[in-house]
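Asker: Protein chains in written order, with our numbering: chain A, 5 to 361; chain B, 5 to 361.
Incorrect hints may appear among the rest.
No copy labels: a pair is met if it fits in one copy or bridges any two.
As the list claims (entries may be wrong) - Here are the simulated SDA-like pairs of lysine to any residue, each with C-alpha atoms no more than 20 Å apart in a straight line: (1) K37 with G65; (2) K71 with D307; (3) K261 with G65; (4) K69 with Q264.
Hints were generated in silico from the structure; no laboratory data involved.
Treat the numbers as computed from the prediction; the structure is a model and nothing was measured.
Number of protein chains: 2
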Amino acid sequence: MDRREFLIKGGAAAAMGLGASRVASARTTIKWKMVTTWPKNFPGLGTGANNLARLITEMSGGRLKVKVYGAKELIPAFEVFDAVSRGTAEMGHSSAYYWKGKVPEAQFFSTMPFGMTAQEMNGWIYYGGGQELWDKVYAPFGVIGRPAGNTGVQMGGWFNKEINSLDDLKGLKMRIPGLGGEVLKRLGGTPVNLPGGELFTALTSGTIDATEWVGPYNDLAFGLYKAAKYYYYPGFHEPGTILEALINKKAFEALPKDLQAIVLAACKVVNMEMLAEYAARNPGALEQLVKEHHVEVRAYPDDVLRQLRKVSREVVEELAAQSKAAGEIYRSYSKFLEASRKYTRISDLPYLQAREA
Amino acid sequence: MDRREFLIKGGAAAAMGLGASRVASARTTIKWKMVTTWPKNFPGLGTGANNLARLITEMSGGRLKVKVYGAKELIPAFEVFDAVSRGTAEMGHSSAYYWKGKVPEAQFFSTMPFGMTAQEMNGWIYYGGGQELWDKVYAPFGVIGRPAGNTGVQMGGWFNKEINSLDDLKGLKMRIPGLGGEVLKRLGGTPVNLPGGELFTALTSGTIDATEWVGPYNDLAFGLYKAAKYYYYPGFHEPGTILEALINKKAFEALPKDLQAIVLAACKVVNMEMLAEYAARNPGALEQLVKEHHVEVRAYPDDVLRQLRKVSREVVEELAAQSKAAGEIYRSYSKFLEASRKYTRISDLPYLQAREA
Chain A
5 MDRREFLIKG GAAAAMGLGA SRVASARTTI KWKMVTTWPK NFPGLGTGAN NLARLITEMS
65 GGRLKVKVYG AKELIPAFEV FDAVSRGTAE MGHSSAYYWK GKVPEAQFFS TMPFGMTAQE
125 MNGWIYYGGG QELWDKVYAP FGVIGRPAGN TGVQMGGWFN KEINSLDDLK GLKMRIPGLG
185 GEVLKRLGGT PVNLPGGELF TALTSGTIDA TEWVGPYNDL AFGLYKAAKY YYYPGFHEPG
245 TILEALINKK AFEALPKDLQ AIVLAACKVV NMEMLAEYAA RNPGALEQLV KEHHVEVRAY
305 PDDVLRQLRK VSREVVEELA AQSKAAGEIY RSYSKFLEAS RKYTRISDLP YLQAREA
Chain B
5 MDRREFLIKG GAAAAMGLGA SRVASARTTI KWKMVTTWPK NFPGLGTGAN NLARLITEMS
65 GGRLKVKVYG AKELIPAFEV FDAVSRGTAE MGHSSAYYWK GKVPEAQFFS TMPFGMTAQE
125 MNGWIYYGGG QELWDKVYAP FGVIGRPAGN TGVQMGGWFN KEINSLDDLK GLKMRIPGLG
185 GEVLKRLGGT PVNLPGGELF TALTSGTIDA TEWVGPYNDL AFGLYKAAKY YYYPGFHEPG
245 TILEALINKK AFEALPKDLQ AIVLAACKVV NMEMLAEYAA RNPGALEQLV KEHHVEVRAY
305 PDDVLRQLRK VSREVVEELA AQSKAAGEIY RSYSKFLEAS RKYTRISDLP YLQAREA
């Protein structure tokens with residue numbers, strides 16, 4: 005509907021007592037673009053973005069239509085934040101640690117090595133003050149960030165050699181983003197960041213020696229088992245990574261209240277559903293990797309994990325010291341995590357142990 | 005708006021090219037009642053029901069208004085299913101194991117002793133075929149059941165004596181609903197079921213010797229620490245209890261598609277948010293119970309847990325043998341759980357262990 009048609013219909017409706025704004029909100033179609041860091045339709049991540057768009061469209065009865073673009077369709081994978089900030093797209097779907105060069109504090113809203121699980125991140129974000137801190141960090145960029153997906157505990161990654169000691173990490177060129185990469189660097193490795201779609205080629209060609217991505221469901225989809233033999237756990241560096249919906253603040257504020265409520269609720273639905281999808285798909289994918297593709301699943305040795313944990317703590321504390329905002333977020337995050345660990349010791353952890361004993 | 009007014013306005017709107025149904029859906033206010041098993045505004049459970057109602061009202065721009073009733077306000081706590089089935093209320097908020105006398109199979113959609121965690125239940129329900137089985141079980145009653153909350157791993161319960169061996173369970177009169185109660189019975193105890201609001205009085209007066217309820221956040225709210233000294237873990241009997249939204253099928257089908265999408269999405273939002281609220285509130289409540297109220301937190305002994313697990317398996321298998329439907333659900337549930345356990349052994353469990361090591 006163009007503006008003239010809208011005014012005519014709105015005027016007629018007002019004359020018969022319906023109220024122009026009500027009719028307008030029932031009739032006007034708003035069109036939004038959503039740019040993403042993922043290959044179009046990539047399982048879990050890309051389909052999560054699709055679900056987010058579909059839900060908004062369905063719940064709004066088509067009043068707000070969101071069209072999804074895969075990485076490179078409109079912009080490169082790692083320019084999602086900038087595109088939403090400048091309004092090239094009204095929405096984005098990505099993860100906050102990709103913006104560490106521009107907003108180091110954003111990493112806290114993605115995942116921390118040896119940090120919170122998905123359940124804990126949701127507790128902190130929605131009921132522990134996390135969202136308010138996130139809003140403050142993104143406000144200067146005119147962007148709103150909201151959880152819209154979680155991978156759960158990730159896998160450690162793919163290696164072409166066994167990791168028997170810390171020495172095996174030295175000189176290792178590994179794709180590992182965010183703070184996990186910084187941990188590897190301190191232990192003598194060389195972290196690199198690449199979009200998911202480039203991992204297979206980089207690993208096959210020897211550009212990198214090792215890579216982490218997400219977990220069995222996603223790693224199977226990229227065929228990483230063809231490029232590396234050993235699959236390590238646990239993913240200490242990403243214990244519950246939040247995928248984020250980015251929303252241009254001006255575009256959001258221009259929406260009527262009911263559409264605002266719909267957009268925010270859709271993010272929450274996808275936040276829950278994506279984790280559920282990983283919970284449902286990872287076990288079968290793991291079985292396929294082991295039985296059909298003969299992948300060797302290995303645990304990081306205990307002393308390697310202990311050292312990774314020690315260095316992780318140092319790296320997170322140094323991030324906290326980088327700015328006043330980072331310090332404030334770190335204190336909130338750590339306080340929540342320490343209390344939660346005490347409770348986890350009498351709930352999730354002993355339950356999972358008793359189930360396996 | 006009455007029917008006559010609606011027809012007049014709709015007719016006028018159609019004449020001007022808006023389409024009667026669009027105007028109707030923008031103007032008509034539908035009013036629904038939601039009956040619940042919880043005391044009005046009870047933390048987590050009752051407030052979850054409130055959030056569900058509020059979300060539907062907000063996202064629909066007030067076109068669908070849902071009013072929440074606490075236990076006993078319209079009907080007794082355990083008549084929620086019947087009330088929604090006969091249309092006394094369009095919605096309910098409760099948990100499926102309360103209907104075991106009428107629909108034994110419903111228990112699978114609540115929680116199983118030594119069964120799935122919250123994350124696994126969501127995987128099974130949304131992506132593992134669980135919802136389709138749930139729909140089939142409730143169809144004869146004209147009711148739709150959807151997850152709308154989860155407590156996470158619960159606590160074992162409140163006791164006035166230490167549980168050092170299986171002998172200590174003999175003769176124990178304990179409030180414990182669902183299959184957990186059946187497990188206690190096989191081990192010589194006497195399970196009873198009471199609505200949450202009656203637990204404190206029953207425990208104080210000696211009507212029961214022990215009780216489980218949910219976890220620190222909810223148990224603190226009921227003051228159970230004043231009536232018992234020992235607080236046991238883990239809650240083997242309820243490792244991830246789903247709270248359910250019940251929806252009268254005819255009322256649901258009478259809604260326009262966008263409102264249907266809104267109702268279903270609101271259930272998913274609350275399903276996620278309630279678990280997040282427990283994750284955020286339980287740790288602080290635990291600290292308060294221990295530091296201010298001197299509660300003694302105790303682990304069930306390993307041999308007691310082993311026996312509880314063995315009997316749990318028997319009880320669940322007997323439920324599975326009760327009907328063709330129960331057998332079908334059990335096979336789906338068990339297959340999902342067994343695959344998930346294998347994956348959990350290389351993901352959540354070793355991660356939580358490494359974080360504490």
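Asker: Tell me, which hint numbers fail for this structure?
Answerer: 2
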